[in-house]
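Student: Sequence:
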Amino acid sequence: MWYSKKLIFLFILWFFSLAGVYSQTPRRYKFVVKEARYTRLCSTKKILTVNGLFPGPTIRVQKGETIYVDVYNRGKDNITLHWHGVKQPNNPWPDGPEYITQCPIQPGRRFSQKVVFSTEEGTLWWHAHSDWSRATVHGAIIVYPRRNYPFPKPHAQIPIIFAEWWKSDVTKVFTQFLKSGGAPNDSDAITINGQPGDLYPCSKSGTFKVNVDKGRTYLLRMVNAAMNLFLFVSVSNHKLTLVGTDGSYTRPLARDDITIGPGQTMDVLLHANQKPSRYYLAARAYASGFGVTFDNTTTTAIIQYSVKHNTSSSPSLPHLPDYNDTDAVFGFYSRIRGLPEKFPHIIPANCSTNIVTTLSINSFPCRKGQTCNGPNTTRLASSMNNISFVTPTIDILEAYYYHINGVFGRRFPTFPPLMFNFTADYLPLELQIPRKGTEVKVLRFGAKVQIVFQGTNLVAGIDHPMHLHGFSFYVVGYGKGNFNEKMHTKDFNLIDPPLVNTVAVPKNGWAAIRFEAANPGVWLLHCHLERHISWGMETVFIVKNGLRANQTLPPPPSDMPPC
Numbered sequence: 001m002w003y004s005k006k007l008i009f010l011f012i013l014w015f016f017s018l019a020g021v022y023s024q025t026p027r028r029y030k031f032v033v034k035e036a037r038y039t040r041l042c043s044t045k046k047i048l049t050v051n052g053l054f055p056g057p058t059i060r061v062q063k064g065e066t067i068y069v070d071v072y073n074r075g076k077d078n079i080t081l082h083w084h085g086v087k088q089p090n091n092p093w094p095d096g097p098e099y100i101t102q103c104p105i106q107p108g109r110r111f112s113q114k115v116v117f118s119t120e121e122g123t124l125w126w127h128a129h130s131d132w133s134r135a136t137v138h139g140a141i142i143v144y145p146r147r148n149y150p151f152p153k154p155h156a157q158i159p160i161i162f163a164e165w166w167k168s169d170v171t172k173v174f175t176q177f178l179k180s181g182g183a184p185n186d187s188d189a190i191t192i193n194g195q196p197g198d199l200y201p202c203s204k205s206g207t208f209k210v211n212v213d214k215g216r217t218y219l220l221r222m223v224n225a226a227m228n229l230f231l232f233v234s235v236s237n238h239k240l241t242l243v244g245t246d247g248s249y250t251r252p253l254a255r256d257d258i259t260i261g262p263g264q265t266m267d268v269l270l271h272a273n274q275k276p277s278r279y280y281l282a283a284r285a286y287a288s289g290f291g292v293t294f295d296n297t298t299t300t301a302i303i304q305y306s307v308k309h310n311t312s313s314s315p316s317l318p319h320l321p322d323y324n325d326t327d328a329v330f331g332f333y334s335r336i337r338g339l340p341e342k343f344p345h346i347i348p349a350n351c352s353t354n355i356v357t358t359l360s361i362n363s364f365p366c367r368k369g370q371t372c373n374g375p376n377t378t379r380l381a382s383s384m385n386n387i388s389f390v391t392p393t394i395d396i397l398e399a400y401y402y403h404i405n406g407v408f409g410r411r412f413p414t415f416p417p418l419m420f421n422f423t424a425d426y427l428p429l430e431l432q433i434p435r436k437g438t439e440v441k442v443l444r445f446g447a448k449v450q451i452v453f454q455g456t457n458l459v460a461g462i463d464h465p466m467h468l469h470g471f472s473f474y475v476v477g478y479g480k481g482n483f484n485e486k487m488h489t490k491d492f493n494l495i496d497p498p499l500v501n502t503v504a505v506p507k508n509g510w511a512a513i514r515f516e517a518a519n520p521g522v523w524l525l526h527c528h529l530e531r532h533i534s535w536g537m538e539t540v541f542i543v544k545n546g547l548r549a550n551q552t553l554p555p556p557p558s559d560m561p562p563c
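Going by the UniProt record's numbering, the first residue of the sequence shown is number 1, and it counts up by one from there.
I should point out that these hints are in silico values taken from the structure, not numbers from a laboratory.
Only pairs whose alpha carbons sit at most 27 Å apart, straight line, appear in this in silico DSS-like list of lysine-lysine: (1) K30 to K114; (2) K172 to K45; (3) K204 to K239; (4) K46 to K76; (5) K172 to K436; (6) K179 to K167; (7) K368 to K436; (8) K368 to K172; (9) K34 to K46; (10) K275 to K214; (11) K167 to K34; (12) K45 to K34; (13) K209 to K45; (14) K76 to K30; (15) K45 to K30; (16) K342 to K490; (17) K275 to K209; (18) K448 to K490; (19) K308 to K275; (20) K342 to K153; (21) K239 to K153; (22) K30 to K63; (23) K214 to K153; (24) K45 to K76; (25) K167 to K45; (26) K209 to K167; (27) K46 to K209; (28) K544 to K436; (29) K46 to K172; (30) K114 to K544; (31) K448 to K486; (32) K76 to K114; (33) K490 to K480; (34) K308 to K239; (35) K275 to K239.
Just the calculated beta-carbon pair ranges, DEER-fashion: (36) P562 to K30: 16 to 26 Å; (37) T353 to K214: 51 to 61 Å; (38) S313 to E341: 38 to 48 Å; (39) P562 to G406: 12 to 22 Å.
Where a beta carbon is used, it is the ideal one built from N, C-alpha and C, also for glycine.
Please work from the sequences and hints to get the whole structure.
Tutor: Here it is, written out as structure tokens:
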């Protein structure tokens, strides 16, 4: 009897020890990049997808988890995938930007990408990071807390992914606008979870719907996967309460509408506290650039209460700000605060590395014998500190690791090479021509870094969503006009700034961020407006090794895609 009980006890111990082992085995996702046929706006075309889905599959993880994503390229073109907002500590090789941390995955090949989550909690996303493939190759990442939310647990959580849809082939849109030197064709629709919504032709039957119960609270996990559009978002007759952005929590901020820039994610609570009926969730573009065309349509989803109500009448549209309401955008972003009481902030105080970089739309003279569609028959470009980034043909991370010369330079300027009134109404044409180059900035491990992004009015002043790979950072300052160190630094928020990975730099204004460079590797910094990165608004940080083993760049994985 005693012996049999002992065997049972040992079996239970053995079972739970195995369960513990298996629970530590990283989960694997299979992502097959392939074409699939989709019908939108009354016509059918092939689009690039992951697993045949648009949007792609949602990745769900616990805070601090490590997963592997096996990426199979069954498409016709090269591809890379990026895990947007995942800091990837000591793990830059699978970060994903083409020719920055890897060469692309060629058709017929596979790459197993290790994705290391650390302090992120909330909503992030993944997307293609090669050419314009991310127009349809993207999906949400949900990072669940280990313990409780800093707000009452929602009844349900719904990913809301905004994107753009072109009737034509997106690859052709990309190649044609680069060839022409002008701006790309505007999209034909904005979508919510792949659907344009009621206001577009041939779209009403597919409109995305969210079913709610009166008295319940719902967490809308919003992702702006649009290529070139900031968006105003609102739900008719309901308040939206922002509680997180870019994988970090914020103080609750109740609004009639929110603004979400390309690349940004927002965790938003919707309280179903209105008369049972059907209400539109609507989004349309915010466009600040004078003379810059944009998709001026409105996408909708439907919030519908579960009890009986009149379904024959159309839902009402919410009020959204005017398309060029810069004050509404500035007012929203400037009110976002972090939550240091529950998630302590470690804000660099005395920064050893101070960078000021201009963000400019530029133009090059048209080459002899060519026709260019930019302003005054020029070729459009963009730059940071007057350098228009040139993408190499070998990835910078491997060039750095293996000491391959001639791939990149280390002369990205710490300050603008030419000082002028950056936001003046009229600027000389000669200021519009940048220098081309593959210039990076090298940072000492552990350096406390402050970057001031300064928008300019060259060609067209516009908002810039600046995204940094490998880090989250604190937005300590935000303002209109030209940055003045003596005037503005004293007003920096060093108490409760939001912790984000993408900052919306206001039109003809500035934003200041701080972070500690404690993640060795090669990390891209770029504008998340796809036309701007395509024109060269990007640079790269190389963070050197620290002294410890876990502060040292590891060797590349064995299945790195070849160049």
